[in-house]
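Engineer: What follows is each chain in one-letter form.
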Amino acid sequence: KAGVTQTPRYLIKTRGQQVTLSCSPISGHRSVSWYQQTPGQGLQFLFEYFSETQRNKGNFPGRFSGRQFSNSRSEMNVSTLELGDSALYLCASSSGWSGADTDTQYFGPGTRLTVL
Amino acid sequence: DQQVKQNSPSLSVQEGRISILNCDYTNSMFDYFLWYKKYPAEGPTFLISISSIKDKNEDGRFTVFLNKSAKHLSLHIVPSQPGDSAVYFCAANVYPGGTSYGKLTFGQGTILTVHP
Numbered sequence: 013k014a015g016v017t018q019t020p021r022y023l024i025k026t027r028g029q030q031v032t033l034s035c036s037p038i039s040g041h042r043s044v045s046w047y048q049q050t051p052g053q054g055l056q057f058l059f060e061y062f063s064e065t066q067r068n069k070g071n072f073p074g075r076f077s078g079r080q081f082s083n084s085r086s087e088m089n090v091s092t093l094e095l096g097d098s099a100l101y102l103c104a105s106s107s108g109w110s111g112a113d114t115d116t117q118y119f120g121p122g123t124r125l126t127v128l
Numbered sequence: 089d090q091q092v093k094q095n096s097p098s099l100s101v102q103e104g105r106i107s108i109l110n111c112d113y114t115n116s117m118f119d120y121f122l123w124y125k126k127y128p129a130e131g132p133t134f135l136i137s138i139s140s141i142k143d144k145n146e147d148g149r150f151t152v153f154l155n156k157s158a159k160h161l162s163l164h165i166v167p168s169q170p171g172d173s174a175v176y177f178c179a180a181n182v183y184p185g186g187t188s189y190g191k192l193t194f195g196q197g198t199i200l201t202v203h204p
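Top to bottom, those sequences are chains A and B.
Heads up: the first sequence begins at 13 in my numbering, then just goes up one per residue.
Heads up: the second sequence begins at 89 in my numbering, then just goes up one per residue.
Keep in mind the hints are simulated off the structure, nothing from the lab.
A virtual CB, placed ideally from N, CA and C, is assigned to each residue, including glycine.
One or more hints might be untrue.
Listed below are the simulated DSBU-like cross-link pairs for lysine-lysine, each with C-alpha atoms no more than 30 Å apart in a straight line [claimed, not checked]:
1. A:K69 to B:K93
2. A:K69 to B:K156
3. A:K69 to B:K159
4. B:K159 to B:K125
5. B:K93 to B:K142
6. B:K125 to B:K142
7. B:K144 to B:K159
8. A:K69 to B:K125
Just a sample of chain B residues kept apart from chain A, beta carbon distances all over 10 Å, derived [unchecked claim]:
9. S100
10. R105
11. T114
12. M117
13. D143
14. E146
15. K156
Some chain B residues well away from chain A (every beta-carbon gap over 10 Å; in silico) [unchecked claim]:
16. N95
17. L99
18. R149
19. T151
20. F153
21. K159
22. G171
Excised from the complex, chain A in its bound form (with noise of 0.2 Å):
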């Protein structure tokens, strides 16, 4: 069974800028989790997409917004670059439904923006 993949893997903005980061989940998953991974402030979870629909959203400025389509494939985009934006990309798929031992994570390589 083919990983979560992400496109593209290594991404330079200029300050401004908009950027759209892609995810394909494990064939089967319905849900696409979205993190930011930076030195600072480690990895902090950005959203969840299931079924087309954010269920869940972290503290980040609306600038951070992303979208699924029905093939369970996301998109994360982020409008209006800031320096402190640059940072490694990391979606996580899982099946999506609660239960202690069916929603383990399983994470993409990641994308490094860097924003200039």
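Chain A is already provided as a structure; the job is to place chain B on it using the hints.
Structural biologist: Just chain B, lined up with the frame of chain A:
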């Protein structure tokens, strides 16, 4: 407010010996815990998990122990191998669903170095 804490930034162990990584949490609502291993510029790899109804879970060389009264969990790796050298993150979630959908709360990580 850091709800999951890994107080040891690093740990150095000799090959063949036991590695013990520790994690403390403050949110008594957490009831599902996971350990991930991460290399730089890669996504976290799932290692092992435990639900709050158990106090121990084993998978090969990896064993996770949960002490709910102390709000403490630990990961034991026996025997340690040089290939285990990586950053280890503990993560926690609340079940079922609700405001916790898809949201893992991570510790800051512990760098494990296993010397040959």
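Engineer: For every hint, state whether the structure bears it out.
Structural biologist: Verification of the supplied hints:
{"no.": "1", "hint": "A:K69 to B:K93", "result": "22 Å, holds"}
{"no.": "2", "hint": "A:K69 to B:K156", "result": "27 Å, holds"}
{"no.": "3", "hint": "A:K69 to B:K159", "result": "26 Å, holds"}
{"no.": "4", "hint": "B:K159 to B:K125", "result": "21 Å, holds"}
{"no.": "5", "hint": "B:K93 to B:K142", "result": "21 Å, holds"}
{"no.": "6", "hint": "B:K125 to B:K142", "result": "22 Å, holds"}
{"no.": "7", "hint": "B:K144 to B:K159", "result": "14 Å, holds"}
{"no.": "8", "hint": "A:K69 to B:K125", "result": "25 Å, holds"}
{"no.": "9", "hint": "S100", "result": "21 Å, holds"}
{"no.": "10", "hint": "R105", "result": "28 Å, holds"}
{"no.": "11", "hint": "T114", "result": "16 Å, holds"}
{"no.": "12", "hint": "M117", "result": "13 Å, holds"}
{"no.": "13", "hint": "D143", "result": "14 Å, holds"}
{"no.": "14", "hint": "E146", "result": "15 Å, holds"}
{"no.": "15", "hint": "K156", "result": "14 Å, holds"}
{"no.": "16", "hint": "N95", "result": "14 Å, holds"}
{"no.": "17", "hint": "L99", "result": "17 Å, holds"}
{"no.": "18", "hint": "R149", "result": "19 Å, holds"}
{"no.": "19", "hint": "T151", "result": "17 Å, holds"}
{"no.": "20", "hint": "F153", "result": "16 Å, holds"}
{"no.": "21", "hint": "K159", "result": "17 Å, holds"}
{"no.": "22", "hint": "G171", "result": "19 Å, holds"}
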